[in-house]
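Trainee: If you want the building blocks of each chain, they are given just below.
2 protein chains.
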Amino acid sequence: MKRKGILIVVSGFSGAGKGTLMKKLVQEYDNYALSISMTTRAPREGEEDGREYYFVSREQFETAIVQDKLVEYANYLDNYYGTPVEYVEKKLTEGKDVVLEIEIQGALEVKHKFPSALLLFVMPPSIAELKQRLEQRGTESRENIEKRLSRAREEAAGIENYEYIVINDDLDQCVRQLHSIITAAHAAPARNRDLIKKMREELE
Amino acid sequence: MKRKGILIVVSGFSGAGKGTLMKKLVQEYDNYALSISMTTRAPREGEEDGREYYFVSREQFETAIVQDKLVEYANYLDNYYGTPVEYVEKKLTEGKDVVLEIEIQGALEVKHKFPSALLLFVMPPSIAELKQRLEQRGTESRENIEKRLSRAREEAAGIENYEYIVINDDLDQCVRQLHSIITAAHAAPARNRDLIKKMREELE
Numbered sequence: 032m033k034r035k036g037i038l039i040v041v042s043g044f045s046g047a048g049k050g051t052l053m054k055k056l057v058q059e060y061d062n063y064a065l066s067i068s069m070t071t072r073a074p075r076e077g078e079e080d081g082r083e084y085y086f087v088s089r090e091q092f093e094t095a096i097v098q099d100k101l102v103e104y105a106n107y108l109d110n111y112y113g114t115p116v117e118y119v120e121k122k123l124t125e126g127k128d129v130v131l132e133i134e135i136q137g138a139l140e141v142k143h144k145f146p147s148a149l150l151l152f153v154m155p156p157s158i159a160e161l162k163q164r165l166e167q168r169g170t171e172s173r174e175n176i177e178k179r180l181s182r183a184r185e186e187a188a189g190i191e192n193y194e195y196i197v198i199n200d201d202l203d204q205c206v207r208q209l210h211s212i213i214t215a216a217h218a219a220p221a222r223n224r225d226l227i228k229k230m231r232e233e234l235e
Numbered sequence: 032m033k034r035k036g037i038l039i040v041v042s043g044f045s046g047a048g049k050g051t052l053m054k055k056l057v058q059e060y061d062n063y064a065l066s067i068s069m070t071t072r073a074p075r076e077g078e079e080d081g082r083e084y085y086f087v088s089r090e091q092f093e094t095a096i097v098q099d100k101l102v103e104y105a106n107y108l109d110n111y112y113g114t115p116v117e118y119v120e121k122k123l124t125e126g127k128d129v130v131l132e133i134e135i136q137g138a139l140e141v142k143h144k145f146p147s148a149l150l151l152f153v154m155p156p157s158i159a160e161l162k163q164r165l166e167q168r169g170t171e172s173r174e175n176i177e178k179r180l181s182r183a184r185e186e187a188a189g190i191e192n193y194e195y196i197v198i199n200d201d202l203d204q205c206v207r208q209l210h211s212i213i214t215a216a217h218a219a220p221a222r223n224r225d226l227i228k229k230m231r232e233e234l235e
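For the protein sequence lines, the chains are A and B, in the order given. Using this note's numbering, the letters of the first sequence map in sequence onto residues 32 to 235. Using this note's numbering, the letters of the second sequence map in sequence onto residues 32 to 235.
Calculated from the structure, these hints are not laboratory results. Incorrect hints may appear among the rest.
Identical copies look the same in the list; a pair holds intra-copy or inter-copy alike.
What the hints assert, rightly or not - Below, computed lysine-lysine pairings styled on DSSO-like, alpha-carbon distance capped at 27 angstroms:
1) LYS228 with LYS142
2) LYS121 with LYS178
3) LYS178 with LYS229
4) LYS162 with LYS228
5) LYS228 with LYS178
6) LYS229 with LYS100
7) LYS229 with LYS122
8) LYS178 with LYS144
9) LYS144 with LYS100
10) LYS35 with LYS178
11) LYS121 with LYS55
12) LYS178 with LYS54
13) LYS228 with LYS54
14) LYS144 with LYS127
15) LYS178 with LYS100
The structure presented is a predicted model; accordingly, all values stated were derived computationally and were not measured.
Excised from the complex, chain A in its bound form (with noise of 0.2 angstroms):
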């Protein structure tokens, strides 16, 4: 039986080098397919439609939301940014593994449709590390690193929604480590109702 793939939600701190992380997983694994999410905001310098972001207008982003032809889609500063349902559908179908960094909102709004959505945290070794590498970045405020240790505490609070919990300490074995509990993953009950028909068919 051809393995169909699943879809994988990655959430975790500001800080946490989720982005990082996912693009390793990609290079290392051939299994795995980033989403691509459509965007209002416009395309910057480099970026290309289709590849970084689907760059569409309020109006189809707004048809997209009506149609419900999204997985899940947020409004931050003022431009949507959301995930369609076709790109990972298609992607799931040709047996690839969809990865998808998205905050704990949208990664329960995803489970909702997908009930056999993979939903993994990604945090760091520890608090004073976090703290440590978003000051290290240089490029943030006082107020701004606040503002992300305070939005770290919202989302430490969803944390039990998750089926696992990846600490990044070392980049190569956090890779690892995410791709063999991927592959765990794919041998729940929830992931496999096909295969649980089939056997109880057979024994009647």
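With chain A's structure known, arrange chain B on it following the hints.
Mentor: Quick look at chain B alone, frame taken from chain A:
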């Protein structure tokens, strides 16, 4: 932080090869301990108290039940069989993952007492294969095979209570898969309460 062990319950159809799998798992990796059951049945030739089983009297067993010293127990062919809490707790504290082979009723009892227990279900590659394995044993009457299949139907009805399904096609491959599934399962929030608590405190 020292990794605490988890309690692993392995169930599955008779003929799925659970026993062989678990023996091999414990041999191949050093983080496992097989749980030792307590029973009122008489020791068979070559069996040693504290190795195959803890052999006790009916009175001792019933005292253990009353004193809530068993993770689960069952009565089979007029003999008691049960899992002593003390041995399990000791091994878990040492950091061992304790493996326990029981059927679904017992598995649900364990999950009730140890909410962080990991429930695994072992399946044969197919039902045709299962029937063939049962018939090849040669020791089973037609009637017994029918009984085992009817029992399999009951077990199959409860499969959604298990966290993972493992298909035992190739023994070595299945042992590796079991090990990586158990490794991944350590990363579930329910098995990292201390870590989450600490993180939340540090974020305050």
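Trainee: Each hint should be assessed against the structure and marked as holding or not.
Mentor: Hints, verified against the model:
1. LYS228 with LYS142: both (22 angstroms within a copy, 24 angstroms between copies)
2. LYS121 with LYS178: For LYS121 and LYS178, the Cα distance exceeds 27 angstroms both inside one copy (37 angstroms) and across copies (44 angstroms).
3. LYS178 with LYS229: between (51 angstroms within a copy, 21 angstroms between copies)
4. LYS162 with LYS228: between (49 angstroms within a copy, 18 angstroms between copies)
5. LYS228 with LYS178: Answer is between: at 21 angstroms across copies they meet the 27 angstroms cutoff, but 48 angstroms inside does not.
6. LYS229 with LYS100: The answer is neither: 31 angstroms in one copy and 40 angstroms across copies each exceed 27 angstroms.
7. LYS229 with LYS122: within (24 angstroms within a copy, 38 angstroms between copies)
8. LYS178 with LYS144: Cα proximity of LYS178 and LYS144: none, with 30 angstroms in one copy and 41 angstroms across.
9. LYS144 with LYS100: Only inside one copy: LYS144 and LYS100 sit 11 angstroms apart there, 43 angstroms across copies, limit 27 angstroms.
10. LYS35 with LYS178: neither (39 angstroms within a copy, 34 angstroms between copies)
11. LYS121 with LYS55: within (22 angstroms within a copy, 40 angstroms between copies)
12. LYS178 with LYS54: For LYS178 and LYS54, only the intra-copy Cα distance (26 angstroms) is at most 27 angstroms; the inter-copy one is 52 angstroms.
13. LYS228 with LYS54: Neither, since 36 angstroms and 30 angstroms both go past 27 angstroms.
14. LYS144 with LYS127: within (18 angstroms within a copy, 38 angstroms between copies)
15. LYS178 with LYS100: Answer is neither: 32 angstroms inside a copy and 50 angstroms across each miss the 27 angstroms cutoff.
The structure is inconsistent with the numbered hints 2, 6, 8, 10, 13 and 15, although it conforms to all the rest.
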